[in-house]
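Number of protein chains: 2
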Amino acid sequence: MAAAAPPPPPTPAPSAPTGLPDSGSDSTPAGHPLFSRIRLATPLDIPYIQKLIHQLAIFEKLAHLSIATESDLASTLFKSQPFQSFTIFLLEVSSRPFENDSAFHSQNFTPIERIINLDHSVTDPEAEAFVNGINGDVVVAGFVLFFPNYSTFLGKPGFYVEDLFVRECYRRKGLGKMLLSAVALQAARMGYGRVEWAVLDWNDNAIKFYEEMGANVLPEWRICRLTGPALEAYRDAN
Amino acid sequence: MAAAAPPPPPTPAPSAPTGLPDSGSDSTPAGHPLFSRIRLATPLDIPYIQKLIHQLAIFEKLAHLSIATESDLASTLFKSQPFQSFTIFLLEVSSRPFENDSAFHSQNFTPIERIINLDHSVTDPEAEAFVNGINGDVVVAGFVLFFPNYSTFLGKPGFYVEDLFVRECYRRKGLGKMLLSAVALQAARMGYGRVEWAVLDWNDNAIKFYEEMGANVLPEWRICRLTGPALEAYRDAN
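Sequences listed follow chains A and B, in order.
Take the first sequence: its letters are residues 1 to 238, numbered as in our numbering.
Take the second sequence: its letters are residues 1 to 238, numbered as in our numbering.
One should not assume that every hint holds.
With a straight-line Cα cutoff of 25 angstroms, these simulated BS3-like cross-link-like pairs (lysine-lysine) come out [what the hints assert, rightly or not]:
(1) 61/B with 156/A
(2) 79/B with 79/A
(3) 79/A with 51/A
(4) 156/B with 79/B
(5) 177/B with 61/B
(6) 79/B with 61/B
(7) 156/B with 61/A
(8) 51/A with 61/A
(9) 208/B with 177/B
(10) 156/B with 79/A
(11) 156/B with 51/A
(12) 61/B with 208/B
(13) 156/A with 61/A
(14) 156/A with 79/B
(15) 51/B with 177/B
(16) 61/B with 51/B
(17) 51/B with 156/A
(18) 156/A with 51/A
(19) 61/A with 177/A
(20) 79/A with 156/A
(21) 177/A with 208/A
Here are a few chain A residues that sit away from chain B, every Cβ distance over 10 angstroms (derived from the structure) [to be verified]:
(22) 42
(23) 69
(24) 98
(25) 108
(26) 111
(27) 113
(28) 118
(29) 168
(30) 196
These are computed hints drawn from the structure, not numbers from a lab.
Ideal Cβ positions, reconstructed from N, Cα and C, are used throughout, including at glycine.
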């Protein structure tokens with residue numbers, strides 16, 4: 001559970017697709033451009049994902065419940081084609097344009113790139129832990145994990161967003177919106193009927209952010225959970 | 001959405017596996033036995049499933065939102081191995097023991113059978129619409145639709161129960177519990193970490209029933225939904 005709670009973004013910074021900067025004649029916009037990219041995660045990204053999950057748990061004050069190891073993730077994720085089951089979009093940022101890395105282009109998904117023009121450059125105290133090993137100056141900044149759900153009323157699949165997380169120093173720049181929008185776009189392209197996720201009822205900033213993105217918060221539904229020994233009891237009884 | 005709201009069952013009626021009746025020396029228990037079976041649904045069951053979904057929508061006073069046709073269901077369900085994606089357990093009942101129909105036994109799931117001894121036989125006003133075409137005296141009485149979800153904290157899959165429904169004349173006999181227990185048992189057998197579903201906060205009977213089954217109702221989480229034109233807008237913007 002636990003779609004993280006990105007605070008509402010400020011008035012969005014101007015952005016433009018890579019290669020189409022909105023100022024100047026060379027490929028680097030003025031100011032402090034933050035080149036951002038969303039791509040499908042791969043098994044090589046598991047060390048980053050494990051750290052991001054743990055940071056999300058700390059953010060939600062639920063670190064004691066976050067026990068997934070890299071081995072747990074490796075044995076349960078990336079077992080099927082993207083979008084057919086558990087799927088992760090990874091958010092990467094760089095102070096320089098991304099190299100055109102064809103390894104991240106697939107028939108399933110073409111990476112989404114944006115340039116965010118910032119007034120000040122970002123100081124990332126954890127850059128060393130999140131530097132991408134393949135591209136030296138690229139840093140992992142967040143992720144979204146989602147999977148298909150199903151609406152019997154619509155007779156259509158949708159997506160459920162389990163986690164949405166942006167590392168602290170990259171928040172309030174529209175990156176959470178970029179991640180969630182990528183899932184919504186994918187759902188719309190696939191003809192799916194819904195995107196759903198959960199939010200904590202006291203998190204007014206997150207609720208405002210989600211409503212601004214077009215979502216409704218359903219007031220009457222409560223989530224029921226059967227887990228731990230109470231779940232194991234069903235096996236033991238049979 | 002919408003795990004239906006079976007009222008809490010009364011003190012469970014005695015039950016025993018088929019072939020092991022709890023009274024008498026022949027294979028038919030005394031009283032009014034209701035032979036019940038849970039098996040994996042197949043594409044042949046879509047007409048029943050479509051009718052059950054519509055009855056669930058009426059039960060929830062949401063019939064206007066229930067627009068799935070048999071064609072919608074046929075094009076979106078049964079596309080992968082059971083338990084890997086959207087999965088349906090069908091509940092059937094009969095006044096006679098089930099024939100040993102090997103067609104419903106698979107390496108994925110062995111049907112679960114129970115005999116429920118009732119004080120009075122059930123009058124089913126819709127029997128004609130729900131008679132199973134293959135087995136003349138077998139009637140479809142309910143279903144549960146579920147699919148894998150994922151807990152990043154546990155690093156494990158689980159199951160999310162989208163719909164749980166028992167037709168009105170078969171309620172209050174423990175059949176809803178039998179369906180939900182079958183999902184919990186399957187999750188436990190697969191080593192999954194959780195079974196989750198949603199309940200309406202005003203449905204005290206359902207909440208009591210679920211708590212008695214070992215579930216916790218999470219008070220703080222709210223479901224967010226992006227659908228319809230608000231979802232389509234993400235495609236149109238790209």
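These are the hints, each one checked on the structure:
1. 61/B with 156/A: Holds, at roughly 20 angstroms.
2. 79/B with 79/A: holds (16 angstroms)
3. 79/A with 51/A: holds (21 angstroms)
4. 156/B with 79/B: holds (23 angstroms)
5. 177/B with 61/B: Given that 25 angstroms is the threshold and the Cα spacing comes to 23 angstroms, the pair holds.
6. 79/B with 61/B: Not OK: residue 79/B and residue 61/B at ~30 angstroms, beyond 25 angstroms, violated.
7. 156/B with 61/A: At roughly 20 angstroms apart (the allowed maximum being 25 angstroms), residue 61/A and residue 156/B satisfy the hint.
8. 51/A with 61/A: Holds, at about 15 angstroms.
9. 208/B with 177/B: holds (12 angstroms)
10. 156/B with 79/A: holds (13 angstroms)
11. 156/B with 51/A: holds (16 angstroms)
12. 61/B with 208/B: holds (21 angstroms)
13. 156/A with 61/A: violated (35 angstroms)
14. 156/A with 79/B: holds (13 angstroms)
15. 51/B with 177/B: holds (21 angstroms)
16. 61/B with 51/B: holds (15 angstroms)
17. 51/B with 156/A: holds (16 angstroms)
18. 156/A with 51/A: violated (34 angstroms)
19. 61/A with 177/A: holds (23 angstroms)
20. 79/A with 156/A: It holds: about 23 angstroms lies between the C-alpha atoms, which stays within 25 angstroms.
21. 177/A with 208/A: holds (12 angstroms)
22. 42: Its Cβ never comes within 10 angstroms of chain B, the nearest being 17 angstroms, so this holds.
23. 69: Label violated. Min Cβ-Cβ 6 angstroms, cutoff 10 angstroms.
24. 98: Label holds. Min Cβ-Cβ 19 angstroms, cutoff 10 angstroms.
25. 108: holds (16 angstroms)
26. 111: holds (13 angstroms)
27. 113: The claim holds: residue 113/A sits with its nearest Cβ about 13 angstroms from chain B, beyond 10 angstroms.
28. 118: Given that every Cβ of chain B is farther than 10 angstroms from that of residue 118/A, nearest at about 23 angstroms, it holds.
29. 168: holds (18 angstroms)
30. 196: violated (5 angstroms)
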